[in-house]
Each structure stands twice: as C-alpha cells, then as structure tokens.
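**Q** Sequences listed follow chains G and P, in order. Our numbering applies: residue 1 is where the first sequence begins, and numbers increase by one. Our numbering applies: residue 1 is where the second sequence begins, and numbers increase by one.
The set of hints was computed from the structure by calculation and includes no laboratory data. Any given hint could turn out to be false.
To be verified - Listed next, with one range per pair, are the computed distances between beta-carbon atoms: (1) Ala-44/G x Ser-159/P: 49 to 57 Å; (2) Gln-205/P x Glu-191/G: 39 to 47 Å; (3) Met-1/G x Met-121/P: 46 to 54 Å; (4) Ala-201/P x Lys-183/G: 19 to 27 Å; (5) Pro-119/P x Ala-44/G: 46 to 54 Å.
To be verified - Derived DSBU-like pairs: lysine-lysine, alpha-carbon spacing no greater than 30 Å straight-line: (6) Lys-24/G x Lys-183/G; (7) Lys-122/P x Lys-152/G; (8) Lys-144/P x Lys-144/G; (9) Lys-9/P x Lys-122/G; (10) Lys-144/P x Lys-122/G; (11) Lys-122/G x Lys-24/G; (12) Lys-144/G x Lys-24/P; (13) Lys-122/G x Lys-152/P.
We put the beta carbon where it would ideally sit given N, CA and C, even for glycine.
2 protein chains.
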Amino acid sequence: MPLVFYDCKTAPSPRRARIILAEKNVPHELVEIDLRSGEQMGEAFRAINPGATVPALKLDDGTVLTDNAGIAVWLEAAYPDPPLMGTTPLEKADIATWQWKVEQEFGMGVASALRNSTPAMKGRALPGPHDYEQIPELAERGMKMIGHFLDKLDAHLESRDYIAANMLSVADITGFVFVDFAKVVGKRPTESHANIRRWHASLAQRPAFQL
Amino acid sequence: MPLVFYDCKTAPSPRRARIILAEKNVPHELVEIDLRSGEQMGEAFRAINPGATVPALKLDDGTVLTDNAGIAVWLEAAYPDPPLMGTTPLEKADIATWQWKVEQEFGMGVASALRNSTPAMKGRALPGPHDYEQIPELAERGMKMIGHFLDKLDAHLESRDYIAANMLSVADITGFVFVDFAKVVGKRPTESHANIRRWHASLAQRPAFQL
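Here chain G stands alone, though its shape is the one from the complex (with noise of 0.2 Å):
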C-alpha cells in the first residue's frame, strides 16, 4: 500500500509537507481535498482524519500523521536521502532553532494577524476543536511580529543562501511558505529586504517549491 497524502494546493501548512514529498521524491498517492468548499467537515475525510485536518499522511501500515511536526520527523526518518532536518548534530540543532523561531516568531504572527480580523474566522481565532474569539489586539500584534521577523531574517541571509546549517533544510520550507503566506495579511518582503528577496527567487525555482 503506498502513502496517500491529503493535500489542499491552496493552503500553507499542506504546502510545507508537499514540499518536502518532492525534495524526497518520496512515492505516494495524492489525494486533493477542497477546503474551499468544507470538503475536509464531511465524512469520507474525517474517517480518515477525524482533526478535519490538512496535511495528512497515511502511513502503508494504516497510521495517519495530521500534523507537519510529526510528518517531518517521519520522512526524514523513513526517507533520510536528501537530508532536510541536518546530518551531524551542529546541523540539526541549527536547523531546529531556526525552524523553531520561523514558527514561532513568523508562522504565529501571521496566524494571529489572519485569525484575529477575518470576518470568516470570526469566533474561530484558534484552530482545533474549541471556538475562540477573536482578538483585535492580537492581530495588530501579529502584524508587528510579522515586521520583526523579516528585519530579522534578513539580516541573518546577508551572509547564507540557507537559513540553516548551509543547506537546503525544513526551516527553509516553512519559511519560504509563511512568506508566499503573509501576503492574505498584505505583508511582502520590502525592498529593504533584499537578501530574503535572493532567497526567495533562489527557492522559488526549485520544482518542489512551484505551486
């Protein structure tokens, strides 16, 4: 039984796994699922996924990974060649850091500018299975964590092709997602940030990382 990968081409946290199903060049059955449309709400997906939740992984054994944490962490373990979370233990602990403040310090930020002033997120400001309402502030302060970080990240490119370890690496895939991302908030890299801009082009024509 190959892998079958619940995918929606429009969202960011598919994207991330996506990406690095094809730097793997790892076989697997894609199956598209229309967020759009409350596709993953219905009862042929939350059989397989009852966390009503993109991206998914079914495993050749029955389990189903819904989380880019662990989704990672599988492939790279089961899939080790390319390696994209470091080999010795200096890259590894690069990459986590930087994979860590992109999520944190970025991912959240756009998460809390998005979920916090959306009309359609409206009583939905975190996701799970609770309802949470929104928070005006929250997204102002996403908004502003957003602007730190790319000052940051770019400054730390000047230097580097990569964001860590000097290799091609997940703390690149997550980053370069959040910024194709950030734009549902109106943030793009500025012409201030010229080295994210070189990164990103760089990136940008990999196959893995088109649309």
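Assemble the complex: chain G is given as a structure, and chain P must be docked to it using the hints.
**A** Below, chain P without anything else, positioned relative to chain G:
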C-alpha cells in the same frame, strides 16, 4: 573542554534541558544564572548568550545553543542513549506530534496567561528583544487553552504511562515542566484529572525530574 550548561533552578525553560541532561547522564559543568537579580542581563552572561536567556549550552567547540529546540536535538544526536525522541520513524513522529501539542496548546496557554497579566511583565508580553503590550483578553484565552489541554491530556493518558510512543520522551518532560509551572497562573490538574496525576506522580519519582 566539557559542556557548560547555563541554568536557573527556578525557571521552567531551563528545567526542560536540565532533565534531558540528567536522563542521558551527560557530563557537564553547571553555571547557575540568577534571573531574579537580572544576572542574565549582565555583561558576563551576555558575552556567552547575547540574547540574555537560559537555557544555554556551550559545546566543546565554543558554539552556544540558546533554545530548547536546538539543545534537545543536539543532545539526542550527540548522546543517543537513552533515546528521548524515539528510535523508529513512527516513534519519532508520535513524539514530535505530542511535543508540538504540548508546546502550542499548553505551553503557549501558560505563557499567554502569565505574560499578559503579570504586572512585572507590562510591555514584555513576548520574550525577545522587542516590547509588546499586554493584552488582557489573551491572558483569558490562555487560561481557557490550559483547561482544554489538561482535559485532552487526561483522556489521552487514560490507557498510557507516557505521553507518546510508549516510552519516556521529551513530550513527557515538556508536559511535566508545564504542569508544574502552570501553578503560577493558578492552574493545577484537578480531581477530574486522575490520569495526569498518576503520570505526574510516576515521573516525579525519577531523580532527573526532581528540583
């Protein structure tokens, strides 16, 4: 040159790294940084970690790791026995998934509740170099997140001795540290959380988990 671990006995974040060091029996020199007196802001410590945070781990080549993500991954790679992040791909995925849930749903809840309400953290609602104003509604949201997560964790531990992969892992360590730390915002596992209390009591007997 031995590893040097910069710790603070009273803080939750370095406690996570301290438990990993102890469970793996990693030889190291210990330097206590007194956060209460602001020692982390002093010149001596900022020469080691300009970010002025603990934990920090100085490696024998002089590299300093300054966050739990990097420290955990480095220790797992350099001192693989006993494994705390899994051995098989499936164990690794399960542990990464639960580590993420514990950090995002529980740790973030505690941090939101504390940092957005404590008078001493006015203007410092997020860690790091930038100042962010407190958002009282976010403190409330944090309290709700903690409650939801404790209920979920208790149900999850119903038939389990450990949080993930049927083995002691970083997910248990992180969860244990946050359960203890959640007391600062008045949240403790209640009588309805019998499974958490059994799991916590069992871990508390391990020397590495003792303060």
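**Q** Could you check the hint for me, namely that Ala-44/G and Ser-159/P are 49 to 57 Å apart, CB to CB?
**A** violated (28 Å)
**Q** Does the hinted range 19 to 27 Å hold for Ala-201/P and Lys-183/G at CB?
**A** violated (49 Å)
**Q** Checking one constraint from the list: CA of Lys-144/P to CA of Lys-122/G, max 30 Å. Satisfied?
**A** holds (17 Å)
**Q** Are Lys-122/G and Lys-24/G close enough, with their CA atoms no more than 30 Å apart?
**A** violated (38 Å)
**Q** Quickly compare the C-alpha distance for Lys-24/G and Lys-183/G to 30 Å and report which way the hint goes.
**A** Between Lys-24/G and Lys-183/G the Cα gap is close to 28 Å, so the pair holds against 30 Å.
**Q** Tell me if the straight-line CA distance from Lys-122/G to Lys-152/P falls inside 30 Å.
**A** This hinted pair holds, its Cα atoms lying about 24 Å apart.
**Q** Is the distance from the Cβ of Met-1/G to the Cβ of Met-121/P consistent with 46 to 54 Å?
**A** holds (51 Å)
**Q** That 39 to 47 Å hint for Gln-205/P and Glu-191/G (C-beta), does it hold up?
**A** Between Gln-205/P and Glu-191/G, where Cβ atoms are some 59 Å apart, the hint is violated.
**Q** Within 30 Å, alpha carbon to alpha carbon, are Lys-144/G and Lys-24/P?
**A** Outside the cut-off at roughly 40 Å; violated.
**Q** Are Lys-144/P and Lys-144/G close enough, with their CA atoms no more than 30 Å apart?
**A** Distance ~25 Å between Lys-144/P and Lys-144/G Cα, so the pair holds.
**Q** Under the criterion that the straight-line Cα-Cα distance not exceed 30 Å, is the pair Lys-122/P, Lys-152/G satisfied?
**A** Holds. Lys-122/P to Lys-152/G sits at ~24 Å (cutoff 30 Å).
**Q** Starting from the range 46 to 54 Å, see whether the pair Pro-119/P and Ala-44/G falls in it by beta-carbon distance.
**A** Hint holds: Cβ distance 51 Å, inside 46 to 54 Å.
The structure does not agree with the numbered hints 1, 2, 4, 9, 11 and 12 stated previously, though it agrees with the rest.
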